[in-house]
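Asker: With the hints as constraints, model all of the structure from the sequences given.
As a plain string of letters, each chain reads:
Number of protein chains: 2
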Amino acid sequence: MTQTPAFTPMDEPLDAFLCFSVYAAGLAFNRVYKPLLDPYGITYPQYLALVALSGKQGQTVSELGERLHLESNTLTPLIKRLEAAGLVTRTRDKQDERVVRLGLTQAGSSLAKTALGCVPAEVLKATGLNRAALAALNAELAALGKALRTTAAR
Amino acid sequence: MTQTPAFTPMDEPLDAFLCFSVYAAGLAFNRVYKPLLDPYGITYPQYLALVALSGKQGQTVSELGERLHLESNTLTPLIKRLEAAGLVTRTRDKQDERVVRLGLTQAGSSLAKTALGCVPAEVLKATGLNRAALAALNAELAALGKALRTTAAR
DNA sequence: AACGATTAAATCGCGTACGATATAAATAGC
DNA sequence: GCTATTTATATCGTACGCGATTTAATCGTT
Numbered sequence: 001m002t003q004t005p006a007f008t009p010m011d012e013p014l015d016a017f018l019c020f021s022v023y024a025a026g027l028a029f030n031r032v033y034k035p036l037l038d039p040y041g042i043t044y045p046q047y048l049a050l051v052a053l054s055g056k057q058g059q060t061v062s063e064l065g066e067r068l069h070l071e072s073n074t075l076t077p078l079i080k081r082l083e084a085a086g087l088v089t090r091t092r093d094k095q096d097e098r099v100v101r102l103g104l105t106q107a108g109s110s111l112a113k114t115a116l117g118c119v120p121a122e123v124l125k126a127t128g129l130n131r132a133a134l135a136a137l138n139a140e141l142a143a144l145g146k147a148l149r150t151t152a153a154r
Numbered sequence: 155m156t157q158t159p160a161f162t163p164m165d166e167p168l169d170a171f172l173c174f175s176v177y178a179a180g181l182a183f184n185r186v187y188k189p190l191l192d193p194y195g196i197t198y199p200q201y202l203a204l205v206a207l208s209g210k211q212g213q214t215v216s217e218l219g220e221r222l223h224l225e226s227n228t229l230t231p232l233i234k235r236l237e238a239a240g241l242v243t244r245t246r247d248k249q250d251e252r253v254v255r256l257g258l259t260q261a262g263s264s265l266a267k268t269a270l271g272c273v274p275a276e277v278l279k280a281t282g283l284n285r286a287a288l289a290a291l292n293a294e295l296a297a298l299g300k301a302l303r304t305t306a307a308r
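The listed protein sequences correspond, in order, to chains A and B. In terms of my numbering, the first sequence is residues 1 to 154. In terms of my numbering, the second sequence is residues 155 to 308.
I should point out that these hints are in silico values taken from the structure, not numbers from a laboratory. Even for Gly, the Cβ is constructed at its ideal location relative to N, Cα and C. Honestly, I wouldn't trust all of these hints.
Stated by the list, open to error - FRET-style restraints, in silico, Cβ to Cβ:
#1 Gln95/A / Glu166/B: 52 to 62 Å
#2 His69/A / Thr214/B: 48 to 58 Å
#3 Arg81/A / Ala275/B: 32 to 42 Å
#4 Ala238/B / Asp11/A: 20 to 30 Å
#5 Thr91/A / Thr214/B: 20 to 30 Å
#6 Asn284/B / Thr91/A: 17 to 27 Å
#7 Asp11/A / Thr228/B: 16 to 26 Å
#8 Glu122/A / Lys234/B: 33 to 43 Å
#9 Thr74/A / Gly195/B: 53 to 63 Å
#10 His69/A / Arg285/B: 19 to 29 Å
Answerer: Next comes the structure, spelled out in structure tokens:
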């Protein structure tokens, strides 16, 4: 079990790759969230955006992108779908017309509140972890992401 | 720092979500891999498929899908791109014409060997982890993925 | 004031993911 | 032996994610 497996036929060469376990866990989270979010008519990335927006009103697209680690090429269409669904408002900043400020509508805010009231508990159950183990793993992964981003930026 | 954060304005509500740290780490891995794989002309998911195929010749699309946790709707186009690039062979099983058996070409096999010779070491560096810590985190994430998949299947 | 450089979003094209459906081959029941 | 069902793969439409480019507004310098 090494990160650089010997190049000989092996049953599951991907098992040794951390990137793959992250990739597979990401797919799996997506599949757990889907049935939980379908009733709200939003996708998993849209849910993450709503949660991020619920933290503070009037964030810019760039600020939201910093939180989600995404850029306007991904966010603009996603946000427009949330706007079309009546969950998010997009308004040009009067001081700087280049900037778009984002906010939750009443519907968006109440959807976020409702979803946050039950979805996370379901997801926690699905992980099979207790809160302490989850927090520990979360911290390790946050550190991993940070390390990877400093390298990727070079 | 709980999985169900109180619904009050907070700077980074996503920080408490394990799903988000997995999501963000997945994005970050993708960005670390891109410049490493660009010289080979393959994407990150294509790399994972090649590594999985390097484990055993003659796997079916379904078998590859079990390893990668993907289905034919995703894999068929991906595999066809690898075939068009001359890295993978697709042949209908003579015993059962429904089945497509996959193999690496000489070029695909040698690309996999070359890439596995240097890419994983670069990625390991980017994680900032030593092999033991990486293996431990990998095992935790593999278990997490497994738990999530058993729930998602219901 | 004017103009080149920078910045924030948006747009475009391509490659995943995935639900839903289609196609074709094998199997099961009768 | 024939039809109904099941199974393996493929196709299609939608939504990300991202490199590259575009558009429009602001800033910096003169």
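Asker: Within 19 to 29 Å or not, the Cβ separation of His69/A and Arg285/B?
Answerer: Holds, at about 26 Å.
Asker: Can you tell me whether the CB distance of Thr91/A to Thr214/B sits inside 20 to 30 Å?
Answerer: Because 53 Å falls outside the window, the suggested range is violated.
Asker: At the C-beta level, are Asp11/A and Thr228/B separated by a distance inside 16 to 26 Å?
Answerer: For Thr228/B against Asp11/A, whose Cβ atoms are near 22 Å apart, the range 16 to 26 Å holds.
Asker: So does Thr74/A sit 53 to 63 Å from Gly195/B, Cβ to Cβ?
Answerer: 24 Å, violated
Asker: Falls inside 48 to 58 Å, the C-beta gap from His69/A to Thr214/B?
Answerer: Given range 48 to 58 Å: violated, Cβ gap about 36 Å.
Asker: Using the Cβ atoms, figure out if Ala238/B sits within 20 to 30 Å of Asp11/A.
Answerer: 28 Å, holds
Asker: Would you say the C-beta atoms of Gln95/A and Glu166/B sit inside 52 to 62 Å of each other?
Answerer: Given range 52 to 62 Å: violated, Cβ gap about 25 Å.
Asker: Holds or violated: the 17 to 27 Å window for the beta-carbon distance between Asn284/B and Thr91/A?
Answerer: 49 Å, violated
Asker: Indicate whether the distance between the beta carbons of Arg81/A and Ala275/B respects the range 32 to 42 Å.
Answerer: 41 Å, holds
Asker: Quick check: does the Cβ-Cβ distance between Glu122/A and Lys234/B fall within 33 to 43 Å?
Answerer: 37 Å, holds
Going through the hint list in order, the structure does not satisfy hints 1, 2, 5, 6, 9.
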